[in-house]
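Protein sequence lines, in the order shown, are assigned to chains U and B.
Heads up: the first sequence begins at 14 in the numbering used here, then just goes up one per residue.
Heads up: the second sequence begins at 6 in the numbering used here, then just goes up one per residue.
No lab work stands behind these hints: they were computed from the structure.
Hints may contain errors.
What the hints assert, rightly or not - Output of the computed footprint for chain U on chain B, the stretches with three or more beta carbons under 8 Å from beta carbons of chain U:
{"#": "1", "stretch": "38–49"}
{"#": "2", "stretch": "53–67"}
{"#": "3", "stretch": "346–352"}
{"#": "4", "stretch": "366–372"}
Stated by the list, open to error - Simulated pairs of lysine-lysine, BS3-like, Cα-Cα distance not exceeding 27 Å:
{"#": "5", "chain 1": "B", "residue 1": "Lys91", "chain 2": "U", "residue 2": "Lys117"}
{"#": "6", "chain 1": "B", "residue 1": "Lys200", "chain 2": "B", "residue 2": "Lys177"}
{"#": "7", "chain 1": "B", "residue 1": "Lys91", "chain 2": "B", "residue 2": "Lys60"}
{"#": "8", "chain 1": "B", "residue 1": "Lys304", "chain 2": "B", "residue 2": "Lys91"}
{"#": "9", "chain 1": "U", "residue 1": "Lys117", "chain 2": "B", "residue 2": "Lys60"}
{"#": "10", "chain 1": "B", "residue 1": "Lys60", "chain 2": "B", "residue 2": "Lys304"}
C-beta: ideal position from N, C-alpha, C; glycine also.
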Amino acid sequence: MGAAATYFRHLREAVVSIFDGMAVSASHLIRRPYTIQYPDRMPVRVQDTLPFRYRGILDVDLEICTGCLACDRACPIDCIAIAIEKNAATREIVISQFDIDLAKCMYCGLCSEPCPTGAIHHTTEFEGADFSLESLIRRFIAEPVVAYKAKKGAEPDVAVADLLTRGMTYVDEWAQPGSDKPAAVAAAPQAAVAPVVPVPGPGK
Amino acid sequence: MSMLRTEEMTLNMGPQHPSTHGVLRFVIRTDGEVMREAIPDVGYLHRSIEKIAEKVGYHGFMPYTDRVDYVCAMFTNQAWGMACEKLAGVEVPRRGEYCRVIAAEFNRIASHLLTVGLMGMDIGAMTPFVHALREREMINDLIEELCGARLTFNYMRIGGVAWDLPPGWRDKALAYLDHLEPIVNEFNALFSYNKICIERLAKVAAIGPADAIDYNLVGPNLRAAGVNWDVRRDLPYSVYPEFDFEIPLGSGEWGAIGDAMDRYMMRIRELTQSARILRQALTQIPDGPVLAKVVRNFKPAAGECQVRVESARGDQGWYVVSDGTSYPWRVHVRTGSFAAMGMIQKLSRGLMIADLVVLIASLDVIAPEIDR
Numbered sequence: 014m015g016a017a018a019t020y021f022r023h024l025r026e027a028v029v030s031i032f033d034g035m036a037v038s039a040s041h042l043i044r045r046p047y048t049i050q051y052p053d054r055m056p057v058r059v060q061d062t063l064p065f066r067y068r069g070i071l072d073v074d075l076e077i078c079t080g081c082l083a084c085d086r087a088c089p090i091d092c093i094a095i096a097i098e099k100n101a102a103t104r105e106i107v108i109s110q111f112d113i114d115l116a117k118c119m120y121c122g123l124c125s126e127p128c129p130t131g132a133i134h135h136t137t138e139f140e141g142a143d144f145s146l147e148s149l150i151r152r153f154i155a156e157p158v159v160a161y162k163a164k165k166g167a168e169p170d171v172a173v174a175d176l177l178t179r180g181m182t183y184v185d186e187w188a189q190p191g192s193d194k195p196a197a198v199a200a201a202p203q204a205a206v207a208p209v210v211p212v213p214g215p216g217k
Numbered sequence: 006m007s008m009l010r011t012e013e014m015t016l017n018m019g020p021q022h023p024s025t026h027g028v029l030r031f032v033i034r035t036d037g038e039v040m041r042e043a044i045p046d047v048g049y050l051h052r053s054i055e056k057i058a059e060k061v062g063y064h065g066f067m068p069y070t071d072r073v074d075y076v077c078a079m080f081t082n083q084a085w086g087m088a089c090e091k092l093a094g095v096e097v098p099r100r101g102e103y104c105r106v107i108a109a110e111f112n113r114i115a116s117h118l119l120t121v122g123l124m125g126m127d128i129g130a131m132t133p134f135v136h137a138l139r140e141r142e143m144i145n146d147l148i149e150e151l152c153g154a155r156l157t158f159n160y161m162r163i164g165g166v167a168w169d170l171p172p173g174w175r176d177k178a179l180a181y182l183d184h185l186e187p188i189v190n191e192f193n194a195l196f197s198y199n200k201i202c203i204e205r206l207a208k209v210a211a212i213g214p215a216d217a218i219d220y221n222l223v224g225p226n227l228r229a230a231g232v233n234w235d236v237r238r239d240l241p242y243s244v245y246p247e248f249d250f251e252i253p254l255g256s257g258e259w260g261a262i263g264d265a266m267d268r269y270m271m272r273i274r275e276l277t278q279s280a281r282i283l284r285q286a287l288t289q290i291p292d293g294p295v296l297a298k299v300v301r302n303f304k305p306a307a308g309e310c311q312v313r314v315e316s317a318r319g320d321q322g323w324y325v326v327s328d329g330t331s332y333p334w335r336v337h338v339r340t341g342s343f344a345a346m347g348m349i350q351k352l353s354r355g356l357m358i359a360d361l362v363v364l365i366a367s368l369d370v371i372a373p374e375i376d377r
């Protein structure tokens, strides 16, 4: 009799606990779904909803690149190739090559950390599939350009002012060694962070 | 009928098998459904990460540490940072330490959610996996906002962290914790206290405390066997002594101490304990810098050091030898998954083949961490 009682008790427990679980599942029928229909049927591109610090495909603003090679030195896998020449007469740096091999890049962000102007930075672009490895090498320079040089005291050039503002915002996002400045972080553009897609956040 | 010829069968499980959690292979000698022995064959995911450290230098190795254990990369980040700081005598600012603990504990929750979800999937329940991944996704969103990546974080630096908490992030994190605690109960109702789940996991591959110590199990697997050991409390590092939290222990309430159900419930209990640490850390976090001044050409003095962190897969030891140049002379990682693999051969004797899947899932081994 004891064995039969145990058997039926187990049976009852199994049925009850299955219904407990199914109640949880059923309650999700009326909750908002957390999934999104990528890539179709999106009100905005996913790229526009990603946070400001998102480490997507690298981009370089050559107009504000100082040719300091800090990114090249910081890269642990040497996926950045930069060639510079120093013009002895005008004391200008001429950049003749700036290639980033995206097939090698591991999106660690170590290159954009030491950049003084925020010229090399991660975008929120992540769709990088391509048909050949060769086409994944981004060549940013077609013909040699003169590197950007910050003028002391003077207002930045109008042509690069916007780029510089964006670049410096990007630089400010990084923690500065030893400095106590949460204010710089607070100044980061929140527009880029605010979610536009109705994604149910935590706490719903 | 006694003249029927019988023989043992050798069966390969893996390296590509959906339930082996990465590229793992088992050579199984079976007698029908019962295993005589399962011999783990590791090394399929060996990427010489320790050797790479000798080539890329101290700062450049940080992103590689993410790949040691990609399910909980914050701990490997933190361990590498701690090792370098110990070698060079760098002191991390207090806010930096808090940021590290916050990121790491969020990562522990994410890792344990994946583990309990995979446990469900490995024994044939798809729904809990989806529920657990949904919660993990929310943590990924938080971490993405914090450091820009969802899996290979590269959040920490030698001397602190690379980014301060973004504005408004603290409130979002606290809101998530409020959301998590009822979800854990919901998950328990959905799966953990399901009679079928309990019957399936209880008394399977029980590991007693003596065996667990003999085989050098660490972390949740060790605590599920009833051994009270947690690096966060017993060899305190970072700012863990400032928090009040409990170390859950396996009690054998489902039949045998240290069985698969105990190991599974250990993760569920650690979810709430991590949430408890996070709540304290997020409310106590002081103001100040998050990154100490460290030169770019980092050259610690010649010497060696060993650091230990309590990762989601247990006590993770990093041994670094410096010869005074800008490249480490030798780096070695001792991981919890590797130790757990050593025990599978012993545990597998007499188990059913289907129970091997439960055993792997309950030990929470992650292939990249076994092989590095």
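Straight-line alpha-carbon gap B:Lys200 to B:Lys177, limit 27 Å = 35 Å, violated
Satisfaction of hint between B:Lys60 and B:Lys91, Cα-Cα up to 27 Å = 20 Å, holds
U:Lys117 paired with B:Lys60 [C-alpha distance capped at 27 Å] | 16 Å, holds
B:Lys304 and B:Lys91: Cα distance at most 27 Å?
-> Status holds; Cα separation ~12 Å.
Proximity test - 8 Å, beta-carbon atoms, the stretch 346–352 of chain B to chain U, at least three hits = Per the Cβ count (0), the hint is violated.
Has the stretch 38–49 of chain B got at least three residues whose CB is nearer than 8 Å to a CB belonging to chain U?
-> Violated: only 0 residues of the stretch 38–49 of chain B have a Cβ under 8 Å from chain U.
Going straight from one Cα to the other, do B:Lys60 and B:Lys304 come out at no more than 27 Å?
-> Roughly 14 Å separates the two Cα atoms, so the pair holds.
Okay, the stretch 53–67 of chain B and chain U, do three or more residues pass the C-beta test at under 8 Å?
-> It holds, with 6 qualifying residues against the three required.
Restraint status (C-alpha distance of B:Lys91 to U:Lys117 at most 27 Å) | 31 Å, violated
With a C-beta cutoff of 8 Å, work out whether three or more residues of the stretch 366–372 of chain B approach chain U closely enough for the coverage to hold.
-> violated (count 0)
Checked against the numbered hints given earlier, the structure breaks hints 1, 3, 4, 5 and 6 and satisfies all the rest.
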